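There are 2 protein chains.
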Amino acid sequence: MKKSPRQWRGLFFVSIPFAVVLLPLKMILNAKHLEQWVSSIFQHKGFSETDANTAANVLITADLRGIDSHGVARLSGYLRLIDKGRINPKPNIKIIRETPSTGTIDADAAVGLVSAEYAMKLAIEKANNCGSGWIAIKNSNHFGIAAKHSMMALEHNMIGFSVTNASPLVTPALGAERMLGTNPICVAIPAGQEPAFVLDMATSAASNGKLEIAERTNKSIPEGLLIQKDGTTSTNPAELKNGGMVLTLGSDMDHGSYKGYGLSAVVDILSGVLSGANFGPWVPPFVSFLDPLPNLPGLGIGHFVGAWRIDGFREIDEFKSTMDLWIQRFRQTQPLNAEHPVKIPGDYEREETERRKINGIPLVEKVVEDLVNISKECNIPLPNSL
Amino acid sequence: MKKSPRQWRGLFFVSIPFAVVLLPLKMILNAKHLEQWVSSIFQHKGFSETDANTAANVLITADLRGIDSHGVARLSGYLRLIDKGRINPKPNIKIIRETPSTGTIDADAAVGLVSAEYAMKLAIEKANNCGSGWIAIKNSNHFGIAAKHSMMALEHNMIGFSVTNASPLVTPALGAERMLGTNPICVAIPAGQEPAFVLDMATSAASNGKLEIAERTNKSIPEGLLIQKDGTTSTNPAELKNGGMVLTLGSDMDHGSYKGYGLSAVVDILSGVLSGANFGPWVPPFVSFLDPLPNLPGLGIGHFVGAWRIDGFREIDEFKSTMDLWIQRFRQTQPLNAEHPVKIPGDYEREETERRKINGIPLVEKVVEDLVNISKECNIPLPNSL
Chain G
19 MKKSPRQWRG LFFVSIPFAV VLLPLKMILN AKHLEQWVSS IFQHKGFSET DANTAANVLI
79 TADLRGIDSH GVARLSGYLR LIDKGRINPK PNIKIIRETP STGTIDADAA VGLVSAEYAM
139 KLAIEKANNC GSGWIAIKNS NHFGIAAKHS MMALEHNMIG FSVTNASPLV TPALGAERML
199 GTNPICVAIP AGQEPAFVLD MATSAASNGK LEIAERTNKS IPEGLLIQKD GTTSTNPAEL
259 KNGGMVLTLG SDMDHGSYKG YGLSAVVDIL SGVLSGANFG PWVPPFVSFL DPLPNLPGLG
319 IGHFVGAWRI DGFREIDEFK STMDLWIQRF RQTQPLNAEH PVKIPGDYER EETERRKING
379 IPLVEKVVED LVNISKECNI PLPNSL
Chain U
19 MKKSPRQWRG LFFVSIPFAV VLLPLKMILN AKHLEQWVSS IFQHKGFSET DANTAANVLI
79 TADLRGIDSH GVARLSGYLR LIDKGRINPK PNIKIIRETP STGTIDADAA VGLVSAEYAM
139 KLAIEKANNC GSGWIAIKNS NHFGIAAKHS MMALEHNMIG FSVTNASPLV TPALGAERML
199 GTNPICVAIP AGQEPAFVLD MATSAASNGK LEIAERTNKS IPEGLLIQKD GTTSTNPAEL
259 KNGGMVLTLG SDMDHGSYKG YGLSAVVDIL SGVLSGANFG PWVPPFVSFL DPLPNLPGLG
319 IGHFVGAWRI DGFREIDEFK STMDLWIQRF RQTQPLNAEH PVKIPGDYER EETERRKING
379 IPLVEKVVED LVNISKECNI PLPNSL
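Top to bottom, those sequences are chains G and U.
The numbers in my numbering rise by one with no breaks, and the one at position 348 of the first sequence is 366.
The numbers in my numbering rise by one with no breaks, and the one at position 311 of the second sequence is 329.
Just chain G, same shape as in the assembly (with noise of 0.2 Å):
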C-alpha cells in the first residue's frame, strides 16, 4: 500500500523532530559490546544463554566482516519470526539419521545461526573420526553469514563448507519466475603463514544486500543483474520490490547463466532435496509479513555443511606451506590495473574485520532505528556509540 506524497510529508514532520530529540541518525558500536547486546536481546526472547552467544556471534561476525545486510540490521527480522512462532527460541535439535560421515538433523525450527554451529560441530567431530563429515539440516531457518559457518573447521586443520538455501528471488536460466534463492557457496580453506582462504559468494549475478544497498542509496545497477516482473532487464533496485527476479551468475546465457543457475539448484537440492526441508518457490519467505506458501513440500529451509580434514589427504604442514604459495602466487597475478591487485578470496571480509574491531561497527540510519526499537520493547539499554 503506497502512501501517497501528502501523508509522506506529514510523517516527515512528525518523525523529525523525534529523531532529532531521541535517535542518533548513524551509530558506530564497538563490536563486543554490540554482540553481547544481540546476547541479550535474543535471551530476552526465551533464547539459552549458549544459543543466544553463538547467534549474537554469526550477527556480529557478518557485521565486521563487512556484510552488512546479513549483520545486526537483520535482528528485527529474527525477532518479528520469534514473535510470530516461526523461529523456535527453545529448539531440541535432533540428529535423525546418521552414518560415520555423514547425517541429517532436524532443526526444531532453531535460527540457522544455531542450527548451522550445530551441524558445523558435528560434522567436524565425524571428520576427526573418519576423515570428513557432511551435515544436511532441515526445518530450520535463516542461515546468517555463511562464511561464520565454513570457517568453524580452519582451527581444526581442516576444509569448512556451506550452503543453504533461501526465500526464492532468482529466476533460472531462460525462466521468468522466482524459484531460487540466492543460495550462497562458502568454502573456507586454511594456510600456513598467510591468512586463511574464505570464499562467500552468492550464486546470483548479485547479492540481495548489494541490491537492497543500491535501492537504499538511490543507486541505480549495471544491467544483467536483475529483470522486471514481465522479463525485461532493469537498471532499478526498486523493481525487485515489484516482483522482479534477480538473475544467475553468468547473467544471460552467452555469458553462462546456466552455470549460476546449476550452482544454485546443487545449493538447493542438497539444502531442501536432502535434508527433507523445503526447496525451490516453496522455501519459506524471510520477511515475517509474507505466510510460507500452502502444502509445503519439507520442513522449513535446509542447510548443509561439511569439512574435510586435511591430513586425511596430506601432510598438514606440506598442504599449508604449499597453500601459502598458492596465495602468495595469486597475489602476483599480473594486474589488469596496476592500481588494483589480484586478491585472495576473503581477503576484502578479512581487512575489513581488522578494521572495524578497531573502529567500530557502523550503522545506518535505518538499522539504529531497529535497534532503538528493539532496545526499548525489551528494556535493553543500547551501547554507546564510539
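Simulated from the structure, these hints should not be mistaken for laboratory data.
One copy or two, it doesn't matter: identical chains are merged, so the pair holds either way.
The calculated lysine-lysine pairs, modelled on DSSO-like cross-linking and capped at a C-alpha distance of 27 Å, are: (1) 361 with 247; (2) 338 with 112; (3) 259 with 228; (4) 44 with 259; (5) 259 with 237; (6) 237 with 361; (7) 44 with 228; (8) 384 with 237; (9) 394 with 63; (10) 102 with 259; (11) 50 with 63.
What you are looking at is a predicted structure, and each value in this text was computed from that prediction instead of being measured.
Chain G is fixed; fit chain U onto it per the hints.
Chain U in isolation, oriented as in the chain G frame:
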C-alpha cells in the same frame, strides 16, 4: 610459424586430390564401433585392455553427450603425450594416504580418463562403508569429461562430485595473466522417474571447447568471454592463440567475476594443493609441443572426486520422489520465451546422447583427418561411416 599465402596455396593443390581420393571430409560413426576402435588404439599404445576400454568409454561418452571438444577430437593429443612419455600407458596407481572416508592416490602419470575412474570407484567404496568418500588424485593427466566420472555414482544411489584443474588459460578477476584452467565442476544427482540431474560446467565464462568451435567456424564471440594479451576485450576467439585469456564466470566485477574466480580457485586447490599435484600457472600444458615449466611444485595434473550416499541422509525412495518433484517443478518455471522452456542441468546432453546413439557421432573434417592418420600409424582400420 605462419605459412605465407603462397605456401598455403601449394598445400591446397597438393591436399585436395589426396583428400578426395583417400579422406572422407566428414564422417558419422556408430558409437560402439568407434569406442572399440579407440580402445584398440589405446591397447596398441600399451594400455591394458581394461584401461583402454575405460579411456575409450570416457571419450565416446563425451562425443555422445555432444561435448565434441572432449571426445575423440582429443585422441591424437593423448597419443602424442604417450609418445612423449608424459602419459604412462601402464601406470601403477597407488593409494598413498587414507582414512575411512578420504584418501589420496598417486596416478603414476596415468591419463585422467583412467585415474579418475580408479579414484571414483574408491570413493564409492568408501561411501558404501561410511556414508561418503573423497579422493584427491595427483600425478595425473587430462581428465576427460567430468560428467562421466560423477555419473558413476548414480547407479549406486549416490551423489557424484568431480573437479579437476587444467592447463592455465583463464585469468583471475582483476588480473591479466593465465593462472587457472577452465577448471570444471560436475555434480550428478539421481532422481526417480525423472532422469538424473547432471551439472557439468567450466568455471570460466566460456569453456575452451566453445571458443575452439567459434574459432573453427570463424564466428565472433560476445564481449565478456575473453581478453587479449594486453588486457583489452576481444570478440575474436583466435586471440586465445595470441596469448589472450578467458575470463571467469561472471565476466566482470560488476557481474561477479570474482565468484567465478573463487570457484575456479577452490577447484584448483582441491585438485592441486590438497593432492600434491601442480596448480595455478604450473599445471602442465595439454599440448605435447609445450613442455611443463621448470621447478614444478607438484606432480602432474590433479583431480578431486567424491560421492555422498543418499541414504546417509534420507531414505532413498523419499529422496528420489522429492527429486522428481524438484525436477518437475523447475521444468514448469514460467519461461522468458515460451519457445525456450527452462531446462534441468544435463537435459541437453542426455537428449543429444539419445540422438547420437541412434544417428551416430558426427565428426568434423579436422577430427576425421586426425583419426585417419592414427588409423594408418597403428594399422588399425577406422570403422566405416554410417
